[in-house]
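**Q** Please take these sequences and the hints and turn them into a complete structure.
First residue of the sequence shown: 220, per our numbering; consecutive thereafter.
Some hints could be false.
Using 25 Å as the maximum straight-line C-alpha spacing, the simulated SDA-like pairs for lysine to any residue come out as follows [to be verified]:
1. 239 / 255
2. 293 / 254
3. 260 / 307
4. 260 / 228
5. 248 / 290
6. 291 / 237
7. 260 / 245
8. 260 / 288
9. 291 / 257
10. 291 / 245
11. 239 / 306
12. 293 / 277
13. 239 / 293
14. 260 / 271
15. 260 / 237
16. 260 / 305
17. 248 / 236
18. 293 / 256
19. 260 / 306
20. 239 / 253
21. 293 / 261
22. 291 / 265
23. 231 / 301
24. 248 / 227
25. 291 / 266
26. 260 / 250
27. 260 / 227
28. 239 / 268
29. 293 / 247
30. 239 / 254
31. 239 / 297
These are calculated hints, taken from the structure and not from any lab test.
Model, not experiment: these values are computed from the prediction.
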Amino acid sequence: MVGRISKEIEVKVPATEAWKVYGNLQLAKIVGEGLPDFFSKVEIVEGDGSAGTILYVFVPPGAGTAGLPWYKEKCTAVDDERRVKDADPSCTANSFHVISFISFNLE
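**A** Quick look at the structure:
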């Protein structure tokens with residue numbers, strides 16, 4: 220089973236200001252507080268927000284993740300000039316694996 224969770228939010232600030240949050244670990248630190256229906260907690264396992272950073276993202280029951288209580292996300296690339304951040308989230312529970320691609324692009 221493959222699923223997708225997405226939430227589009229308009230931020231009413233210039234892209235340079237939004238990137239100050241999205242382009243580093245600030246987003247991981249505030250997402251659990253700001254979107255509690257989608258994320259119960261984000262744990263920074265390793266890294267500083269650059270490529271190679273690993274997060275555990277915990278989701279509340281019924282958040283649309285096929286009953287999975289958490290997933291592991293690894294930041295694969297950060298391009299500050301283009302304001303693009305790519306991550307590889309691997310949802311895992313027992314032998315169930317989902318790998319997809321996330322890209323934040325602020326213009």
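**Q** All hints are to be evaluated individually against the structure, with a verdict given for each.
**A** Hint by hint, here is what the structure shows:
1. 239 / 255: holds (22 Å)
2. 293 / 254: holds (20 Å)
3. 260 / 307: holds (18 Å)
4. 260 / 228: Holds - the C-alpha atoms of residue 228 and residue 260 are around 19 Å apart, at most 25 Å.
5. 248 / 290: The hint holds at about 16 Å.
6. 291 / 237: holds (24 Å)
7. 260 / 245: holds (13 Å)
8. 260 / 288: The given pair, whose Cα atoms are some 11 Å apart, holds under the 25 Å limit.
9. 291 / 257: holds (15 Å)
10. 291 / 245: holds (18 Å)
11. 239 / 306: Between residue 239 and residue 306 the Cα gap is close to 17 Å, so the pair holds against 25 Å.
12. 293 / 277: Holds, at about 14 Å.
13. 239 / 293: holds (19 Å)
14. 260 / 271: holds (20 Å)
15. 260 / 237: The given pair, whose Cα atoms are some 21 Å apart, holds under the 25 Å limit.
16. 260 / 305: holds (20 Å)
17. 248 / 236: Judged against 25 Å, a Cα distance of about 17 Å means the pair holds.
18. 293 / 256: Satisfied, since the Cα-Cα distance of roughly 22 Å is no more than 25 Å.
19. 260 / 306: Answer holds: residue 260 to residue 306 is near 18 Å, not above 25 Å.
20. 239 / 253: Holds, at roughly 17 Å.
21. 293 / 261: The given pair, whose Cα atoms are some 12 Å apart, holds under the 25 Å limit.
22. 291 / 265: holds (11 Å)
23. 231 / 301: Holds - the C-alpha atoms of residue 301 and residue 231 are around 19 Å apart, at most 25 Å.
24. 248 / 227: holds (18 Å)
25. 291 / 266: holds (13 Å)
26. 260 / 250: Holds - the C-alpha atoms of residue 250 and residue 260 are around 8 Å apart, at most 25 Å.
27. 260 / 227: Holds: residue 260 and residue 227 sit about 19 Å apart, inside 25 Å.
28. 239 / 268: holds (12 Å)
29. 293 / 247: holds (12 Å)
30. 239 / 254: With Cα atoms ~19 Å apart, residue 239 and residue 254 stay inside 25 Å; holds.
31. 239 / 297: holds (12 Å)
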